[in-house]
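Peer 1: Heads up, the sequence shown is in our numbering, so the first residue is 7 and it goes up one at a time.
Calculated from the structure, these hints are not laboratory results.
Note that beta-carbon positions come from the ideal geometry of N, C-alpha and C, so glycine has one too.
One thing to keep in mind: the hints can contain errors.
[Said to hold, decoys possible] Distance ranges between label pairs, derived from CB positions: (1) A154 x P49: 21 to 29 angstroms; (2) A154 x P258: 24 to 32 angstroms; (3) A154 x P72: 38 to 46 angstroms; (4) R310 x P199: 48 to 56 angstroms; (5) H270 x P176: 17 to 25 angstroms; (6) H270 x R141: 46 to 54 angstroms; (7) P203 x A179: 27 to 35 angstroms; (8) R90 x R141: 35 to 43 angstroms; (9) A35 x R65: 44 to 52 angstroms; (10) T309 x A179: 16 to 24 angstroms; (11) A128 x A179: 19 to 27 angstroms.
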Amino acid sequence: MPDRILVVELLGGLGDLVMALPVVHGLAARFPRAELRVLTHDPGAALLDSDPTVTEVLRAARGAEPEAVAAALDDTDLVVSTTRLHGIPELVAEHGTPGVTDLWRSPPPDEPVSRRYVRILAAEGLLARWYRPPRLHLTAAEVAAADAALPSGVPTVLVPGAGMSVKVWPHWAALCGLLDAPVVAVGPGTPAPELPPTDLRGLAARFAAVGCRGGTVIGGDTGPTRVAAAAGARTVGLFGPTLADRYGLDIPGVSLQGLPGCPHRLPTAITEQVCWWEARCPLAPLPACLVDLSPAAVAAAATRRP
């Protein structure tokens, strides 16, 4: 039984960290007496700072990931890495630390990423086979303070931004005209009033407060949208270039797929898609997959209850 477990999540995206949470919490449940450390990047690392299952959160500076991994391995007897970048598998092998550094293994294109992680680690005997969706731990004080920043009533929160232009949905203005008030937004890009700026934990707490009020968060395939779902808010995700069956939200989240039959979508090699880096869609001036997601369909998903 391991005494000191290290989870390495250095893929680089906030959403990648959220999708790794079932691994973190599954290992904590499987080895409750072990110290569990997570090595990841800021700003996402802050989301784990109050997680009772995590003994220590280690930060890796961007560009210095190999050094951070090497230092962390000195006090580890089991390592699990979601990341094959930065020479991490080779570092682990050279150090001789037992663990799993390949969570890819040619999965089917429609297998959700988090469930793939759990399936592989269960086959290795490191996790139970039952699946825990991603969940964030926030303090009651954080959620109460965040609630005060929200408008009264049952809010709908829009998350229009995206780290890549190929993921930007073009219909936010039309959607605002279909939703009942109050409607607010995280950042610019819609006609809705913007919430005051806050840090990442503050944003997660706001999403948790939205969930407590029975509200809804709507956003693209981005880290903040995944944070909303993991914080407990009912969340509608808008998926265009990425395959919702693979990258979509766990139930009760709703994942809407634009242009399901797009012949240019490569679920297992998204960075090789013709549209990926510069949002140059071969089918339309804007990404046709996101244009295909109508405001009416999104509004219906946002107001539909289980």
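Peer 1: Against this structure, judge whether each hint is valid.
Peer 2: Each hint, compared with the structure:
Take A154 and P49: their Cβ atoms lie about 23 angstroms apart, and the range 21 to 29 angstroms holds. The hinted range of 24 to 32 angstroms is satisfied by A154 and P258, whose Cβ atoms lie roughly 26 angstroms apart. Roughly 43 angstroms separates the CB atoms of A154 and P72, a value that falls within the hinted 38 to 46 angstroms. Taking the beta carbon of each, R310 and P199 are about 25 angstroms apart, not inside 48 to 56 angstroms as hinted.
Look at H270 against P176: about 18 angstroms separates their beta carbons, and that is inside 17 to 25 angstroms. Checked against the hint of 46 to 54 angstroms, the C-beta distance between H270 and R141 comes to roughly 34 angstroms, which is inconsistent with it. One distance hint, 27 to 35 angstroms for the beta-carbon pair P203 and A179, is violated here, with the actual separation near 22 angstroms. Distance hint check for R90 and R141: the Cβ-Cβ separation is about 26 angstroms, which falls outside the suggested range of 35 to 43 angstroms.
Look at A35 against R65: about 25 angstroms separates their beta carbons, and that is not inside 44 to 52 angstroms. T309 and A179 have their C-beta atoms about 18 angstroms apart, which keeps the hinted 16 to 24 angstroms range intact. Remark: the range hint 19 to 27 angstroms for A128 to A179 is contradicted by a beta-carbon distance near 45 angstroms.
Consistency with the previously given hints fails for numbers 4, 6, 7, 8, 9 and 11, ordered from lowest to highest.
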